[in-house]
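2 protein chains.
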Amino acid sequence: MKGYVNNIKPYDVLSHDIWGMDQAEKEKCLKLDWNESTIPPSPNVYNRLKDLAQRGDFYQWYPCTHNLKLITDISRYMNVDKKNIQVFASSDVLQEYVVRCWIKREDNVLIVWPTYDNFRATAEFAGANIYYSLTQDLRFDARQLQKDIESSKPQMVYICNPNNPTGEQIDKNIIEDIVKKNKSVLFLIDEAYAEFSGKTVADLVDKYENLLVSRTFSKAFALANFRIGYLISSDSNIEMVSRVRNAKNITTFSQEAAIAALEDLEYMESHVRDVKIAREFFIGELKSVPNILDVYPSETNFVLIRLKSAGLKQKFLCFMKENNIYIRDLRQNVLLEHFVRITIGSLEQMKKVSKIIKEFCSLYHEGSSI
Amino acid sequence: MKGYVNNIKPYDVLSHDIWGMDQAEKEKCLKLDWNESTIPPSPNVYNRLKDLAQRGDFYQWYPCTHNLKLITDISRYMNVDKKNIQVFASSDVLQEYVVRCWIKREDNVLIVWPTYDNFRATAEFAGANIYYSLTQDLRFDARQLQKDIESSKPQMVYICNPNNPTGEQIDKNIIEDIVKKNKSVLFLIDEAYAEFSGKTVADLVDKYENLLVSRTFSKAFALANFRIGYLISSDSNIEMVSRVRNAKNITTFSQEAAIAALEDLEYMESHVRDVKIAREFFIGELKSVPNILDVYPSETNFVLIRLKSAGLKQKFLCFMKENNIYIRDLRQNVLLEHFVRITIGSLEQMKKVSKIIKEFCSLYHEGSSI
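So the protein lines, in turn, are chains A and B. For the first sequence, position 205 (counting from the first letter as 1) is numbered 205 according to this note's numbering, and the numbering increases by one without interruption. For the second sequence, position 310 (counting from the first letter as 1) is numbered 310 according to this note's numbering, and the numbering increases by one without interruption.
What the hints contain is simulated information worked out from the structure, not anything from laboratory work. Any given hint could turn out to be false.
For identical chains, the list gives no copy identity; a pair is met inside one copy or between any two copies.
[To be verified] Think about it this way: if two alpha-carbon atoms lie no more than 25 Å apart in a straight line, the pair counts; the simulated SDA-like pairs of lysine to any residue are: (1) 2 / 118; (2) 104 / 4; (3) 50 / 23; (4) 50 / 252; (5) 69 / 22; (6) 351 / 325; (7) 82 / 19; (8) 50 / 72; (9) 315 / 292; (10) 69 / 27; (11) 104 / 130; (12) 50 / 267; (13) 28 / 43; (14) 69 / 56; (15) 26 / 358; (16) 287 / 346; (17) 50 / 19; (18) 2 / 208; (19) 2 / 117; (20) 181 / 141; (21) 183 / 108; (22) 180 / 204; (23) 2 / 247.
Every value quoted in this text rests on a predicted model; they were computed, and no experiment measured them.
Go ahead and model the full structure; you've got the sequences and the hints to work with.
Here it is as structure tokens:
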């Protein structure tokens, strides 16, 4: 065994209570803990998968290895050439292959933090030294990042944009500036939530050889279960990662689910519009409650909330769970001990959630014994 | 980029013509190139997946991360404790995690060869030095392997048993003997075809900490499309690999397909019986044709065939393809330039194939101008 592996903290997927429930229990719950879509994907996906399940003459065969139809459809959706795209069985798997291609033991990796933890775990398992670029108020600071790049001399920098769990979007010109300034550093920009911000740096990949952009069907397209991610980068980077990639590993059900979702962009776009309306309503509601929590602005399908104390946060989590609302406790992260993250659903769903939060706030208003 | 990665030969998945065909073309074809099942999986799988496609209330959620039902069912099937089992999104993915746990750059890896090429590619991409243990006549030789272990001092030895593409089964006591004799070496025994041989070393994992056994649902269970593999090893090895494993990456469709297949073992067992009957019939038929090919004994769902010349092999492949039969050309492997591999299907299917091969043999009998 590699000695260092034993000491590494795995990427902890935390509780996933909903899969242990029976159907009746499940239907009572609102799952707002993993930033999944709170509504199902396009009906087009259901029609496609019902057809596949009916036919099923391919079950015993390995899936199509070229993934050409899916790549062609992504190319049209992203307005990026096919040669600049490769698909993977999730963006987590994409990260594993990126690490296998470009990170070796004792390389330095810089992570703009706090953020999604999977890349840290993947790079650390490969033996990389992890450095963090962070600010006290949780807001991105380009000058701080440049300083951290200069001092840590990383092989790769990971930036989630918009960021999870802060919800913040970094401007495209700021990203471009940093990528341009540090040509010897590879930048992995994780755009898992980009459909909600409407912004991307994917069109820059032909200009900068040191830019990798990761995307997913798990969020706005509501296909988390099917595990489809894709990488956008220069043709030579795509060629490199394709040499390492296992081409057999995307099931036909998953390939077709993604293809069917791309055929109904209007459905996804309408969901994104709904989430934005619900998010602004929800943030507005929480700002009006007694001063026991802060809610952060967000360009994603979730909001970051700070409770006034760690004890209050525990009570908040329990109260939400008693009301069948599952949200994410960010306790794993030392900086975020007082924080929770709540996924944004439809306006109707968020009205319900804000009503319950207000009930909690009236029970535990500032000054009450908590 | 890691300098050495550029020079590595990827695991080449070769042509996969069938996915480019329309339905009518597909139905005319017999796909005998990837050792998949030539019949669909149990009707229980179809019923389960139709239900799931109908329900689909989980599409937008990440899959269950514990995989507990599947592990419990595998535990019953393999008669191995749950703590000794972990599941992966294919046995190729399993190999990636094994390499991430136990192989570092410049480690030596010994591969009993010729064999399935994915482990070579995966270990090589991790920077391992690859050594091969082989014999001239393609038959396994335990003394040769022991010599090769002593000279190459590997961190890990990969043995596919029964082996692909030779079809040979190594006796359990021979495996146990080598594993016992080389306690500092980790042995990965790939039992992808073990349902066809009916033999396993999985019950030895509690006895030997240096034994990893890999299994799959892709072959006898006819679920290649769903990408499910599992590892059987000591509880501490399972715990280690579980720290690295991404728990989200097995879709619900895949988990449920495997669970449904395990609920109908009789179907799988009946398929295995049919394949064995068809295999012995097929081998017998080929032995009776003019002396232009040799067929090897096999304890799997495929047979290895040697043509008398490379030119004859090319003609043979073309003839088979003209008759809509897809078989595997083993030209990638320098030792196997004259060889092809043919998957075994039902007796009816193999009667058809042997009839066509006999036609070929009568056209190109020994001495004819080829």
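Hints and how they fare:
no.: 1; hint: 2 / 118; in the structure: both (20 Å within a copy, 21 Å between copies)
no.: 2; hint: 104 / 4; in the structure: both (14 Å within a copy, 11 Å between copies)
no.: 3; hint: 50 / 23; in the structure: both (21 Å within a copy, 17 Å between copies)
no.: 4; hint: 50 / 252; in the structure: both (13 Å within a copy, 15 Å between copies)
no.: 5; hint: 69 / 22; in the structure: between (37 Å within a copy, 14 Å between copies)
no.: 6; hint: 351 / 325; in the structure: within (13 Å within a copy, 61 Å between copies)
no.: 7; hint: 82 / 19; in the structure: between (37 Å within a copy, 19 Å between copies)
no.: 8; hint: 50 / 72; in the structure: within (23 Å within a copy, 28 Å between copies)
no.: 9; hint: 315 / 292; in the structure: within (12 Å within a copy, 79 Å between copies)
no.: 10; hint: 69 / 27; in the structure: between (35 Å within a copy, 21 Å between copies)
no.: 11; hint: 104 / 130; in the structure: both (12 Å within a copy, 18 Å between copies)
no.: 12; hint: 50 / 267; in the structure: both (19 Å within a copy, 24 Å between copies)
no.: 13; hint: 28 / 43; in the structure: within (23 Å within a copy, 33 Å between copies)
no.: 14; hint: 69 / 56; in the structure: both (19 Å within a copy, 24 Å between copies)
no.: 15; hint: 26 / 358; in the structure: within (24 Å within a copy, 60 Å between copies)
no.: 16; hint: 287 / 346; in the structure: within (19 Å within a copy, 69 Å between copies)
no.: 17; hint: 50 / 19; in the structure: both (22 Å within a copy, 19 Å between copies)
no.: 18; hint: 2 / 208; in the structure: between (35 Å within a copy, 19 Å between copies)
no.: 19; hint: 2 / 117; in the structure: both (21 Å within a copy, 24 Å between copies)
no.: 20; hint: 181 / 141; in the structure: within (16 Å within a copy, 58 Å between copies)
no.: 21; hint: 183 / 108; in the structure: within (16 Å within a copy, 34 Å between copies)
no.: 22; hint: 180 / 204; in the structure: within (10 Å within a copy, 56 Å between copies)
no.: 23; hint: 2 / 247; in the structure: between (27 Å within a copy, 21 Å between copies)
Hint violations for this structure: none, all hints satisfied.
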